[in-house]
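Enquirer: Protein chains in written order, with this note's numbering: chain L, 1 to 250; chain W, 251 to 500; chain A, 501 to 593; chain B, 594 to 686.
Everything labelled a hint here was simulated from the structure, so no lab data went into it.
Watch out, some of these pointers could steer you wrong.
Label pairs and their in silico Cβ distance ranges [said to hold, decoys possible]:
no. : chain 1 : residue 1 : chain 2 : residue 2 : range
1   : B       : R648      : W       : N335      : 26 to 32 angstroms
2   : W       : M279      : B       : R648      : 41 to 47 angstroms
3   : W       : R403      : B       : R648      : 37 to 43 angstroms
We put the CB at the ideal spot given by N, CA and C, even for glycine.
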Amino acid sequence: MGAIVGGFMMPHDPTVFINPRKLDNGHLMDAYAEICRRIVELDATSAVIIGADHYILFTPKCLPQILICLGELNGPVDQLPGLPNRPIPHNPVLAERIFAHAQETGFDLAVARSLGVDHAIGAPAHLCLPEDGSVTAVAVYMASGVAPYLRLRRAYEFGAMVKSAVEAMDRDERVVILGSGGISHWVGTGEMGRTNPVFDRMVLDAIVAGDADALLGLTDEEILREGGNGAMEIRHFLGVMGQCPEGRAK
Amino acid sequence: MGAIVGGFMMPHDPTVFINPRKLDNGHLMDAYAEICRRIVELDATSAVIIGADHYILFTPKCLPQILICLGELNGPVDQLPGLPNRPIPHNPVLAERIFAHAQETGFDLAVARSLGVDHAIGAPAHLCLPEDGSVTAVAVYMASGVAPYLRLRRAYEFGAMVKSAVEAMDRDERVVILGSGGISHWVGTGEMGRTNPVFDRMVLDAIVAGDADALLGLTDEEILREGGNGAMEIRHFLGVMGQCPEGRAK
Amino acid sequence: MSLSAVEQCIFDLGNSGNMRKAYVAEPDAFLARYALDDEERALVRREDVAELFRRGLNPMLLMGFHMGLHGPASMGEYLKKMPTLASTLGTRE
Amino acid sequence: MSLSAVEQCIFDLGNSGNMRKAYVAEPDAFLARYALDDEERALVRREDVAELFRRGLNPMLLMGFHMGLHGPASMGEYLKKMPTLASTLGTRE
Ligand SMILES: [Fe+3]
Ligand SMILES: [Fe+3]
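Chain L on its own, in the form it takes in the complex (with noise of 0.2 angstroms):
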C-alpha cells in the first residue's frame, strides 16, 4: 500500500542560483541538502513537486488550473548555475495513479505527456531527491504565477486528493510532497527586490501551527498586496497542507 511519508516546503527563487551579489548562500544550500537527507531518512520512494510556471512553460492558448505530468521529465529549461537541464528520473505509474484518482473524484487535471520544467520543478528536483535517483519524481503546476489564479482552497484539497489516490495505491510506495515556492516577493514589478517579514512570520507561523485556515482565509488581493505576486505561490504550501492535514511542522 501506498503512503505519505513527508511534506516539505523550499524556495526556488532564481536569484539564489544567480547570487548576484555574490552573498553567503551558504544556509540556503545547506538546508535543500538537510531536506535531501530526511527523505533519504524517510526511506522515500517518490515525491510529488508542485511548482509554478512563471508564464514560459505554457501558452496564452492554453493556461491549466492544474496540470500533472504523466512522462518524462527533464529541467530546468532555464538554465541557472548549479542547475543543469537534464533528465529528472519520473515515476509514471505514480503520476496515472494521481491522474485517474484526479478523474474519479472530480477533478480536471490537465497533463504533459513529458515536460521540459522550469526552475520551479527543477530546483528541487535537483537539490532535494538523491542524486542516484532512487526518489522518482512527479511534477504538478499549479496557476500561481498567470492569472486565472487556482483558488487557494482547491489547492488544498488537491493535496487531500492526492493522499487518498496514493493510500488507495496497490503497492509500496513511500511519497513524500514538496511544496515548492516563495513567500513574500515581487517579480517583474516596481517592488522587485522587496520582501515583506511580517507577512513571512504569519505564513511560516500557520505552517509551523498546521493551521491551514489562516492561510485559506486570505484574499489574493491580501496577498498581492502585503506578499507579492511571488506570494501566490503561497497555494503550494497549502497543497502540502492538504495532504497532512493534522500536520505540525518541525
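With chain L held as given, fit chains W, A and B with the ligands onto it using these hints.
Expert: What follows is chains W, A and B with the ligands alone, placed relative to chain L:
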C-alpha cells in the same frame, strides 16, 4: 437573469465540407440553416459551443480535460471550403462567468486568452449562428479526441454547471448550448470511412428520449469498438443534455 | 517505452510547416532535437504509422503527420498502411 | 480592450529566440501577424512595459519580454520603468 433557452447538436466532419465524392450534401447544409433559424427564433443572445481538439490546437505539453476561451475567437484555423478563417463574435462576460462559477463549484477549467478554433467549433459558429453577430459565442473544448479522455459523466456535469452559471447571471442572457460532434466515425484508423448505423440509432434514440443514462452507461472501450474514436465526441452531446436534464428532443 | 518524445516529434511535424521543412532538409539533425532511442528514430524515419499506432500514438496525430509530409492525395496510401482501431483494443492496459 | 493579441505577441517575443529575431529584423512585418490595433502596436514597438502592466499584462511576461530583447543587464532599466503592483491593485475589476 440568464436562462438556457435551447440545446442543439450537429456534426462537424471535414468531409462534409471537402465533399471529395461531390455528393449532394444539401440536406446537411439545410440542417445547419434550420438550427440557425431556430436559434434566432429563440431570441438567443449567446451560444456555448462544445467541440473537440483533433490534436492540432493543444500540444503534448498541456492537454486540457476541459478548456474555455475567455477572449477573442477566430477560425477555423484548419481552413475548409465554405468555412473561412475569420473572427467569431464572442462573449467574454459569459465566458468569465462560467469560468468563475466553475471555480466555485469544483471544476478546474484550463483557459485560453484567445483562440484560433478548429473546425469543431468553427463549423457551428459559421453555419449555426446568424451572420450579423447577434448571437455571440463561448468556445469550450473537451478531451474527446486525445487521451486521456474526459469522463462521460464529467461532460454531463459540465452541462449542469453551465446551466447554473447562466441562471446566476445578473444580466439578461439567453443562452443556447451547442454540442458539436459526430456519432460513429473513425478518424485516421484502418476503419476510416466506416459508420455503424446501429450505434448511431442507439445514440440518437437516447438523445430524443432525453435518456442520458443510456449514454453514461457506455464504457470508452464500447464506444471505441462500436463507434470509433470519432464517437468519443458524444461527450459534447452529454454536455448539452446536462443542461436540460429533463429535456426531450424534437 | 513511453513514446512521449516520439509523440512530441510527430505532433511538431504534423502541425508546423517550419518544422516539416527542417526535417525534410536534414532529417537526422532535426530528429536529434528529440530524446529518441534508435528504434524510435527509425520508426519516424520510415514513417511507420502502423507500428506507431500499435504502440499507442493517436491516429489523428499520425494522419496529420502523413498528410503534412505527403499531401491530402496520400490519404489512400496512409489508410492502406493503418491497422483497425478494433485490432488494437484490449491490447494495452 | 482585451489585450489578448498583445499578450500572445509578448509571450512569443519573450519565449522564442526565433520570433525575437524575426521581430528585430522586421518589426512591422512581425507585428502584422497579430490582430493588434494601432495603439497596441505602438505599445509593443516602444516597449511600454509600464502601460502594458497597468492594462493587465502579467509582469513576469513583461520582464521576460524586456530581458529577451535587451539581456539580463537591462534589469535595472526595466525595473525603473515599472509601476508597483500595489499601485495597480483595485484599479481593475
Ligand atoms: Fe516562483
Ligand atoms: Fe471531430
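Enquirer: May I ask you to test the hint 26 to 32 angstroms on the CB atoms belonging to R648/B and N335/W?
Expert: Given a distance of about 27 angstroms, which is inside 26 to 32 angstroms, the answer is holds.
Enquirer: So the hint says 41 to 47 angstroms: do the beta-carbon atoms of M279/W and R648/B match that?
Expert: holds (43 angstroms)
Enquirer: Lying within 37 to 43 angstroms: is that true of the beta-carbon distance R403/W to R648/B?
Expert: Roughly 41 angstroms apart at Cβ, these two residues keep to the hinted range, so it holds.
This entry satisfies every hint, going by the numbered hints stated previously.
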